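If you're matching them up, the sequences are chains A and B in order.
Numbering-wise (UniProt numbering), the first sequence opens with residue 1 and increments by one.
Numbering-wise (UniProt numbering), the second sequence opens with residue 1 and increments by one.
What the hints contain is simulated information worked out from the structure, not anything from laboratory work.
Only a predicted model underlies this, so the values are computations on that prediction, with no experimental measurement involved.
Take the hints with a grain of salt, since some may be wrong.
Distance condition first, Cα-Cα at most 25 Å in a straight line; then the derived BS3-like pairs of lysine-lysine [as the list claims (entries may be wrong)]: (1) Lys419/A <-> Lys231/A; (2) Lys594/A <-> Lys577/A; (3) Lys438/B <-> Lys247/A; (4) Lys489/A <-> Lys464/A; (5) Lys489/A <-> Lys419/A; (6) Lys473/A <-> Lys419/A; (7) Lys450/A <-> Lys473/A; (8) Lys281/A <-> Lys438/B; (9) Lys284/A <-> Lys452/B.
Each chain, letter by letter, is given below.
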Amino acid sequence: MEKNPGIFSSETLISLTEDRKTCTSRMTWGSVNYREILFWNGIHLFVCVFCRLGAGTTRFCAGIVSVAKPLSVESKMADYSIALYERLEEETSVKTGFVRTGSLCLAQNQDRLLSLKRLASRLKVLGVSCNVIKPKDVARLHPLVNIHDLVGALHLPGDSVVSPPDVNHALAVASAAHGVQIYEHTSVNHVVVKKGHVTAVETDRGSIECEYFVNCAGQWAYELGQSGEVKVSVPLHGCEHFYLLTKPLSEPVQNDMLIDMDGRIYTRAWHGGILSGGFEKNPKPIFTEGRNQLEIQNMQEDWDHFEPMLSALLRRMPGLESCEIQQLVNCPESFTPDMRCLMGETPGIYGYFVLAGMNSSGLSFAGGAGKYLAEWITYGYPSASVWPLDIKRFGNLQSSRTFLRHRVMEVMPLLYELKVPRWDFQTGRQLRTSPLYDRLDMQGARWMEKHGFERAKYFIPAGKDLLALDQSKTFYKPDWFDIVGAEVKCCKEAVCVIDMSSFTKFELTSAGDQALQLLQRLCANDLDVPVGHIVHTGMLNQRGGYENDCSVVRLSKNSFFIISPTDQQVHCWSWIKKHMPSDPQLHLEDVSWKYTALNLIGPRAMDVLSELSYVSMTPEHFPSLFCKEMSVGYANGIRVMSMTHTGEPGFMLYIPIEYALHVYNEVMSVGQKYGIRNAGYYALRSLRIEKFFAFWGQDLDSFTTPLECGREFRVKFDKDTDFLGRDALLRQRVEGVSRRFVMLVLEDHDTELDVWPWWGEPIYRNGELIGVTTSSAYSYTLQRHVCLGFLSPTNTDGSPATVTADFINRGDYEVDIAGQRFPAKAKLYPFSSLFAQQKRRKDDMELSNFQSK
Amino acid sequence: MAATSQVFRVIRGRRFGRILVPAITCQNCSRSPHPCISATQPHSFEQRWRHQVRGYRTSPAWHTYYLTPPQVNSILKANEYSFKVPEFDGKNLSSIMGFDSNQLPANAPIEDRRSAATCLQTRGMLYGVFDGHAGCACAQALTERLFYYIAVSLLPHETLMELENAVESGRPLHPILQWHKHPNDYFSKEASRLYFSSLRTYWQELLDLSVPGEQPDVAEALVSAFKRLDNDISLEAQVGDPNAFLHYWVLRVAFSGATACVAHIDGNELHIANTGDCRAVLGVQEPDGSFSALTLTNDHSAQNESEMKRVRSEHPLSEAKSVVKQDRLLGLLMPFRAFGDVKFKWSIELQRRVLESGPDQLHENEHAKFIPPNYHTPPYLTAEPEVTRHHLRPQDRFLVLGSDGLWETLHRQEVVRIVGEHLTGVHQQQPVSVGGYKVTLGQMQGLLQERKARISSTFGDQNAATHLIRHAVGNNEFGMVDHERLSKMLSLPEELARMYRDDITIIIVQFNPHVISGQ
């Protein structure tokens with residue numbers, strides 16, 4: 001590794017043709033170890049490279065391209081990469097070492113096999129060929145493998161290997177042919193930002209003006225982000241990563257790659273020998289203090305550290321025992337706080353893009369990530385929903401080096417760990433908490449984390465075995481089933497309290513009507529409502545897709561209170577800021593930290609509140625979707641809103657934090673006689689899914705329009721303002737929708753014995769693949785599992801077909817859970833709405849919710 | 001039988017027993033049951049060893065006896081002791097962080113002793129390791145008395161005055177020492193009155209000799225205390241005591257022997273007083289984090305040339321050949337300096353007279369009766385210590401005091417490495433590198449697993465001294481703790497244990513580099 005302090009490096013090559021407007025741009029990620037800086041200047045593309053292109057440890061990169069990724073969008077990216085690498089050799093006539101070897105993901109236990117089966121059914125949706133095979137088939141495909149402890153495997157014939165330095169070279173050749181200028185031995189000092197836009201890049205060889213800049217500095221992306229005057233948070237942290245190279249074996253090795261996640265190792269054939277690495281349980285974080293650590297850190301082999309992986313390798317392939325060692329390679333990889341890569345435009349600086357933190361799958365994501373980012377730069381958005389990878393899911397709060405160091409130590413082993421439904425990160429916790437955290441914890445709360453905020457999942461009743469409950473890691477019925485059931489029952493029959501303080505809360509105020517004008521432009525619903533009304537609305541993009549799904553309260557004529565999902569804190573802020581005119585009289589403030597939110601759900605909520613405030617809370621006096629500032633207990637100025645995000649009757653209380661404990665205590669003591677109890681997010685989730693409420697980030701994304709999810713009633717085409725996305729929606733209204741959000745109720749599914757649905761399960765209609773689920777929950781009311789998902793049928797020629805209610809109602813549906821198909825009934829409306837319609841007007845129904853999976 | 005032959009190989013070349021006594025006496029004493037001293041059987045090992053080894057090879061009785069790791073641990077940890085200097089205000093103001101000590105018996109009962117105490121009237125802490133021979137009586141007396149003699153020697157005139165006045169007027173005494181008692185430590189009640197009166201005589205003499213306002217020099221005080229105590233032991237045996245038990249006890253103390261190594265640490269000043277072949281080694285941390293050993297004592301044995309010269313010079317030329325024979329003093333005693341051992345100090349007439357007047361039990365002790373050959377110009381032995389002064393530096397991390405049982409199994413460099421790695425928690429194992437060699441994956445796995453086992457054994461020991469004993473007893477050819485070997489060595493029957501190892505006593509004092517560098 002070259003040592004050259006003061007020089008940043010990146011990992012990306014870009015290739016593009018002619019004009020920005022008409023280009024078919026294609027940008028390709030080389031590998032995690034490419035050390036180049038890339039930026040874009042008009043139609044010219046410069047790539048600044050620290051040292052040589054592809055220098056450093058690049059030549060040692062494992063070169064595995066596999067589509068076995070946890071997210072569909074990641075698999076899609078890997079699939080694109082494979083196609084690209086295959087094409088590259090023809091186009092550039094540079095050898096890339098591309099071989100379609102296929103890969104085998106081994107399962108040592110039934111749970112692992114289940115997770116592989118789930119992966120297989122997801123890959124089939126993408127059209128990737130794969131099959132689940134028996135151990136003896138593994139032995140046939142790869143005779144060296146010891147199969148005595150295997151229960152099965154997933155065979156992916158399409159997976160490939162390449163030679164990373166050659167791919168790098170080929171990309172450089174291809175780029176150069178398209179006019180890309182590559183500056184080697186050039187370091188980027190910092191990025192010049194004027195008025196929130198990237199204007200130039202200062203290098204050690206002078207300044208280059210540019211409109212766009214992509215921070216692809218890999219390991220150093222964090223530091224490069226911090227180096228400018230305007231800091232950019234790129235939350236990633238390096239860990240040392242080891243793999244072994246052997247000398248050639250006496251008999252040729254089978255080509256197939258092996259991924260033995262239970263043994264935490266991967267192997268591929270390499271120059272007649274074996275290349276094998278892994279993701280150990282005790283990773284060694286590196287570069288916490290930045291690149292100056294490079295001096296003291298010797299990137300050397302650490303055999304003692306590699307011992308568990310070597311043992312796992314020899315257990316898997318005992319025949320290798322007599323094979324000679326060539327080298328143990330140490331090549332650091334960068335990891336992110338949630339195992340997903342970072343891409344997209346950074347909040348706050350226009351033109352500053354990031355592509356980094358590949359979690360050691362750099363080569364797999366390279367092609368796809370490059371393509372999406374190029375589209376993003378060119379058109380303003382990528383051609384697929386990449387929200388799980390969007391850098392805006394993080395903010396400054398994930399920028400602490402200590403947090404990152406601790407979290408990546410959990411993330412790296414997690415790559416190969418078995419991930420069961422509803423797993424949570426264990427490190428970097430208790431960063432943001434509500435003032436009631438201790439009170440709730442004392443009462444048995446079990447916690448999950450969202451955007452750094454601790455939220456209660458459920459409450460363990462006194463006397464339950466706490467240890468046993470922590471072992472709820474299963475694909476089947478979890479042990480909290482009855483606990484959540486009791487909480488749901490209480491929500492339906494009495495009253496429950498859920499602390500929902502994690503929500504993102506903004507206040508938009510103005511001197512004149514600028515605030516209203518801005519919201520009318522951003523929101524599809526009509527915000528010009530009387531003061532005190534709450535409006536559920538989407539914030540749509542030009543294509544009519546949801547950028548945000550929120551509830552807006554009109555506090556006064558010119559001030560609005562905007563409630564958005566927790567992880568929208570950065571994204572929604574930057575979306576509003578982007579469309580906000582620079583008017584000193586228009587003011588947006590993030591007040592998330594100022595309020596504790598308590599959700600009182602249940603028919604007796606109004607009794608509790610009226611007792612505490614001496615105000616009648618019946619629907620006649622306090623209609624649904626209404627907000628009033630009132631006193632609760634001794635505390636005055638509590639914003640009480642008649643909505644619960646679940647479709648159940650009840651109230652949200654937005655309490656200034658210093659009153660939080662008082663109000664909570666009062667509510668709990670007065671609520672005693674109404675049977676009040678604490679509840680958690682799992683109960684909330686069950687309630688909202690059985691009411692067919694979609695959740696942004698899980699069910700809704702920037703490619704979903706209100707028409708596709710049955711929310712046309714929240715779009716006011718005839719309001720005075722031409723809101724964002726109006727044209728696209730009008731067009732869609734004429735043409736009809738090609739996908740439709742439905743609710744599927746599983747029949748014949750044994751809750752006790754069958755594998756539970758999670759999300760990402762394929763949906764079949766009349767035996768044909770028609771869609772994918774996006775979330776699911778057990779409905780205690782229906783006593784069945786409910787899955788939410790999208791149906792997107794195609795015509796016989798493969799083009800998208802229009803979905804009609806009739807089409808949905810006439811069809812036999814099945815949901816594929818880990819390879820087993822369960823019959824399901826598809827619904828366009830929730831069951832309870834039949835009853836609800838008698839009580840409430842349809843408009844009053846609030847169909848919003850922000851809780852996560 | 002591979003394992004047995006391995007043990008067999010290791011014991012070859014080891015030294016057994018400190019005193020060689022003609023085989024004849026052995027046969028005698030093995031016939032008659034010995035009331036006291038004979039229980040320790042320090043002599044006749046050579047003989048018995050040959051006999052027994054032959055015996056055990058034919059009998060499969062004991063080598064099938066294995067110990068589980070918890071059993072091994074309970075044996076190793078039975079005598080361990082740790083002391084952390086308490087912190088004030090979150091700061092440790094002492095140059096010493098604390099100490100770990102432990103011992104593993106080979107003799108039954110063990111003949112090694114150890115002591116640790118804080119001087120209350122002056123500053124400083126005292127640590128001592130005592131290796132007894134020909135019984136434990138002398139070493140036991142040293143643990144009870146030597147530190148008092150040192151502490152008193154260090155007292156300035158004014159404090160001595162107060163002390164004497166308090167005793168004179170029957171007022172309670174301010175304690176002089178605060179003992180850090182080890183498990184199984186005992187002080188003999190009967191002898192304490194006698195010990196106290198000897199001590200009082202000593203400080204009265206010191207009072208006469210000292211001048212008000214003058215601080216005693218530590219090195220001089222140590223020498224004076226050592227010599228005075230040995231003198232008192234000798235005198236008490238000559239004078240005897242009306243109490244028959246006590247009379248017998250003082251004779252046992254005088255006729256047995258003990259070497260001593262005592263460290264006195266006051267701030268940055270470290271003094272080591274050594275008599276015999278215990279050893280004090282300083283662990284010095286190098287800038288690269290590794291540890292090197294700095295030996296602070298010289299062994300008083302035949303391996304030390306200046307000692308050879310000294311011994312020879314103290315006796316007429318005619319004795320030049322007989323005074324050291326087979327690397328032993330008069331062909332018998334391994335250490336060239338020791339407490340007690342009046343057989344090497346008194347004239348033949350004095351020995352005869354004392355023995356004749358002594359209690360009956362003594363007459364049956366052939367060992368006591370036996371007069372060394374070529375015994376012409378006593379004394380041949382002295383208790384005068386060699387004192388080393390060392391100014392502690394920040395890189396001096398710890399001090400290891402050990403009886404010769406430790407040093408004959410582990411090289412000092414190895415000792416310091418093991419302790420250093422244990423205390424810092426960092427394993428400075430040389431990283432494995434394939435280099436250009438041909439190594440197969442299987443070989444590498446074997447090597448790595450051994451290294452892992454070595455590290456994991458470290459985590460089991462809280463006490464550095466225990467950890468060191470584990471290595472001393474259980475190390476195999478590769479310098480790694482081998483459980484099978486450890487289990488064998490610890491399950492040896494009492495009568496065999498002494499042939500494979502000596503008593504091991506270790507005190508490890510950890511220094512506080514922050515305080516040391518601050519001063």
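Hint by hint, here is what the structure shows:
no.	hint	in the structure
1	Lys419/A <-> Lys231/A	violated, 34 Å
2	Lys594/A <-> Lys577/A	holds, 21 Å
3	Lys438/B <-> Lys247/A	holds, 10 Å
4	Lys489/A <-> Lys464/A	holds, 19 Å
5	Lys489/A <-> Lys419/A	violated, 29 Å
6	Lys473/A <-> Lys419/A	holds, 9 Å
7	Lys450/A <-> Lys473/A	holds, 19 Å
8	Lys281/A <-> Lys438/B	violated, 29 Å
9	Lys284/A <-> Lys452/B	holds, 17 Å
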